[in-house]
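*Asks:* Listed below, chain by chain, are the residues.
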Amino acid sequence: MIKSTTFKLYFLAFVFFALIILCLLTLHLGAVEFSVAKGFFLLFSPDDSTESFVLHHTRIPRIIAAVVIGGALSLSGALYQGVIGNPLVSPGILGVLSGASFGAVLAMVLGFNLLGIEIFCFIFGLVAMVFALFLSFAFDRNKTILMLILGGIICSSFFSAGVSILKILADPYNTLPNIVFFLMGSLAYVKALPLLFVSLVFVVIFVLSVLLSRQIDILNLDEESASSLGVNVKKMRIVFIIFATLLASSSVALAGMIGWIGLVMPHITRFLLGANHRFMLVGSVLLGSVFLLLCDTLARTAIRSEIPIGIITSIFGVIIFSTVLLISRKKHYD
Amino acid sequence: MRNILFIIISFLFIACFNQKGQENNETSENSQQRVFATMPTLTALLELLYPQGMIGLNYKPYPEDKEFMPTEASNLPVLGLKDRINYEAVVALKPDIIIFPKPLDKAMSEPYEKLGIKILEASVEFKDIEESIRLYDEHLNIKERADKLLAFHHKTKSLLDELRTKMSKKPRIYFAFGIEGLQTVCASKAHQDDDLALQIGGENVIKCEEFDYYQRLVPMNFEQIIAFNPEVVFVREIALYKELINNPSKTWQRIDAIKNKRVYYAPSTPSNWLHRPPSVMRIIGYPWAFSQIHPELLSQDELKSIVKEFFAEFLRPISDEEYKRLEGK
Numbered sequence: 038m039i040k041s042t043t044f045k046l047y048f049l050a051f052v053f054f055a056l057i058i059l060c061l062l063t064l065h066l067g068a069v070e071f072s073v074a075k076g077f078f079l080l081f082s083p084d085d086s087t088e089s090f091v092l093h094h095t096r097i098p099r100i101i102a103a104v105v106i107g108g109a110l111s112l113s114g115a116l117y118q119g120v121i122g123n124p125l126v127s128p129g130i131l132g133v134l135s136g137a138s139f140g141a142v143l144a145m146v147l148g149f150n151l152l153g154i155e156i157f158c159f160i161f162g163l164v165a166m167v168f169a170l171f172l173s174f175a176f177d178r179n180k181t182i183l184m185l186i187l188g189g190i191i192c193s194s195f196f197s198a199g200v201s202i203l204k205i206l207a208d209p210y211n212t213l214p215n216i217v218f219f220l221m222g223s224l225a226y227v228k229a230l231p232l233l234f235v236s237l238v239f240v241v242i243f244v245l246s247v248l249l250s251r252q253i254d255i256l257n258l259d260e261e262s263a264s265s266l267g268v269n270v271k272k273m274r275i276v277f278i279i280f281a282t283l284l285a286s287s288s289v290a291l292a293g294m295i296g297w298i299g300l301v302m303p304h305i306t307r308f309l310l311g312a313n314h315r316f317m318l319v320g321s322v323l324l325g326s327v328f329l330l331l332c333d334t335l336a337r338t339a340i341r342s343e344i345p346i347g348i349i350t351s352i353f354g355v356i357i358f359s360t361v362l363l364i365s366r367k368k369h370y371d
Numbered sequence: 267m268r269n270i271l272f273i274i275i276s277f278l279f280i281a282c283f284n285q286k287g288q289e290n291n292e293t294s295e296n297s298q299q300r301v302f303a304t305m306p307t308l309t310a311l312l313e314l315l316y317p318q319g320m321i322g323l324n325y326k327p328y329p330e331d332k333e334f335m336p337t338e339a340s341n342l343p344v345l346g347l348k349d350r351i352n353y354e355a356v357v358a359l360k361p362d363i364i365i366f367p368k369p370l371d372k373a374m375s376e377p378y379e380k381l382g383i384k385i386l387e388a389s390v391e392f393k394d395i396e397e398s399i400r401l402y403d404e405h406l407n408i409k410e411r412a413d414k415l416l417a418f419h420h421k422t423k424s425l426l427d428e429l430r431t432k433m434s435k436k437p438r439i440y441f442a443f444g445i446e447g448l449q450t451v452c453a454s455k456a457h458q459d460d461d462l463a464l465q466i467g468g469e470n471v472i473k474c475e476e477f478d479y480y481q482r483l484v485p486m487n488f489e490q491i492i493a494f495n496p497e498v499v500f501v502r503e504i505a506l507y508k509e510l511i512n513n514p515s516k517t518w519q520r521i522d523a524i525k526n527k528r529v530y531y532a533p534s535t536p537s538n539w540l541h542r543p544p545s546v547m548r549i550i551g552y553p554w555a556f557s558q559i560h561p562e563l564l565s566q567d568e569l570k571s572i573v574k575e576f577f578a579e580f581l582r583p584i585s586d587e588e589y590k591r592l593e594g595k
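Keeping their order, the protein sequence lines are chains A and B.
Adding 37 to a residue's 1-based position in the first sequence gives its number in the working numbering.
Adding 266 to a residue's 1-based position in the second sequence gives its number in the working numbering.
Note that these hints are calculated values from the structure, not bench results.
Some hints here could point you the wrong way.
[As the list claims (entries may be wrong)] Distance condition first, Cα-Cα at most 20 Å in a straight line; then the derived SDA-like pairs of lysine to any residue:
#  : chain 1 : residue 1 : chain 2 : residue 2
1  : A       : Lys-228   : B       : Lys-516
2  : A       : Lys-228   : B       : Arg-438
3  : B       : Lys-516   : A       : Pro-83
4  : B       : Lys-516   : A       : Leu-230
5  : B       : Lys-527   : B       : Arg-438
6  : A       : Lys-204   : B       : Lys-436
7  : B       : Lys-516   : A       : Ser-82
8  : B       : Lys-525   : A       : Thr-87
9  : B       : Lys-348   : A       : Gly-153
10 : B       : Lys-516   : A       : Ile-97
11 : B       : Lys-368   : B       : Ser-389
12 : B       : Lys-332   : A       : Ile-97
13 : B       : Lys-421   : B       : Ala-578
14 : A       : Lys-75    : B       : Ala-493
15 : B       : Lys-570   : B       : Leu-581
16 : B       : Lys-421   : B       : Lys-455
17 : B       : Lys-326   : A       : Val-217
18 : B       : Lys-516   : A       : Ile-205
19 : B       : Lys-326   : A       : Ile-205
20 : B       : Lys-348   : A       : Leu-309
21 : B       : Lys-508   : A       : Gly-153
22 : A       : Lys-204   : B       : Tyr-328
23 : B       : Lys-595   : A       : Ser-86
24 : A       : Lys-228   : B       : Ala-505
25 : B       : Lys-516   : A       : Thr-87
26 : B       : Lys-525   : A       : Asp-85
27 : B       : Lys-595   : A       : Asn-150
28 : B       : Lys-372   : B       : Glu-396
29 : B       : Lys-590   : B       : Pro-329
30 : A       : Lys-204   : A       : Asn-150
31 : B       : Lys-368   : A       : Pro-209
32 : B       : Lys-436   : B       : Lys-455
33 : B       : Lys-516   : A       : Leu-206
[Claimed, not checked] Per the computed footprint, the stretches of chain A lying under chain B, defined by three or more beta-carbons under 8 Å from a beta-carbon of chain B, are:
#  : region
34 : 51-62
35 : 220-228
Positions of the beta carbon are idealized from the N, C-alpha and C atoms, including for glycine.
Sequences and hints are given; from them, build the entire structure.
*Replies:* In structure tokens, the structure reads:
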């Protein structure tokens, strides 16, 4: 773990510049081929050519989407982990991902277009969160973490069952493949307006979270200690859960189910930068963006067709997470 | 007294006659087989040839498809398909025959065979449609209807064979599946019999050999579609078709097919006419698609009369308005 504040800042600056360089490099990779020099020329002087069109209308929006969604999912996971005080928590903990998936699948079965699917997905993600909070409140009026997680598990199972029912009812040749591809995630469907919405949600929540990072540090302590430090634990917890849910739900609406980022990236960042959320949140966002950008570049260039991105994030997520756990275990015993 | 005797005899006579009538009805009902097909392709053929004997469907039909389905079939229970068949629900409906896809999976069919249910094995490939029709005819005793369907198939097949010799060029086609059209089917050199684009007088821009895909849907992205730049696009989802016709996104506008308004909704009522599954509806699906990309060889009016004849003969008569609806217009 990096202990010096200066080195932490250097590290964050390094990851930030690495992200910028990656963005510029990936601009030149894709099915429509052109040289790096031509790519840079077209970047600042667009013309009517196919290369210019592809660069400005498909690659740049997709790179922005990878950066935003990677950052948003990672921030969502970091917020859940910080507020719930458990590093093994992911954005799926309150059933948000299952709820959002259910919304999307329901919209597909009802024959809605992409925008309708995205709206349903976003709304049902929020509905799932409200449902989980309601259950936790019904179980225990003090809204303890345990009850919140139990509420989330119930909610998640409920919506997962809903997705399974809809999959059985779906036409196996048309609607079912749509559902399966959606559940594997992809940035190929990203459109400008929804991307703008998610980007706005992400930027606002990111800034607010960094500004309120001290509160998250305190919430990370046990409830009594947090209360004695003057934090309204229940209120602040709900606020951050709403932030995290908005991020997760809007990301799923835009790109489908992309797993592991929300769990792995905050974990690695905590391993590298420690639990101080002022650095940890920024680090999570940057690493999440870098990770998803790399995965998406692979998804669109590794073979001639598109690879669903959820598969790639899962494969690399498992490898990276296992490595980090092995290293941390070794250090622990040393 | 004679009158009373006459009335009693009359009653007895009527009673006997009614009983005989009932027996006749029972005999006729008994001669009707109760059939279930385990794959949508096989069910689609059953709907055309023997709807009166069907006991269930494979999946819930779309509301817009129901009105074009045979009335006997449209409200049947959903019993599942492939390995997701509800065994008890099927058995409870007392089928005489169950039709499985070729090659037969014994593990699937044996539980039914043990109950004395006859098992048939039919091909799900459209190239084997004649063999499948004959199989249905042989076991369901529907010679007249099977002959009519075969005759119709031969008529459209020879029409297309003749028209294909007159084609001057084969347009490059992209089959757009999925909500945004970013899934497609590829064409394999090894399976030209089943190459949809080739059959309808075109060329699929996506080659299986280049993509290492042979059966399932191939996921794509816009950049790849722009790179292929197809001349004709067949769309599966009606919402996407309407968007591409009325207000295509900038990305789609780059493609020649959209610029030249050569984008078509592949009809899917009562089941898909072109692909997924490649069912008996290809009998009209092939000429329909051919007429879209080669209107100079097969006019819309000629095509309309073929489709209307098919519907009238095997499903139900359709009006011009309904024909437009089938085409997504």
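*Asks:* Checking each numbered hint in turn, tell me which of them this model violates, lowest number first.
*Replies:* Per hint list: 2, 6, 9, 12, 16, 18, 20, 23, 28, 33, 34 violated.
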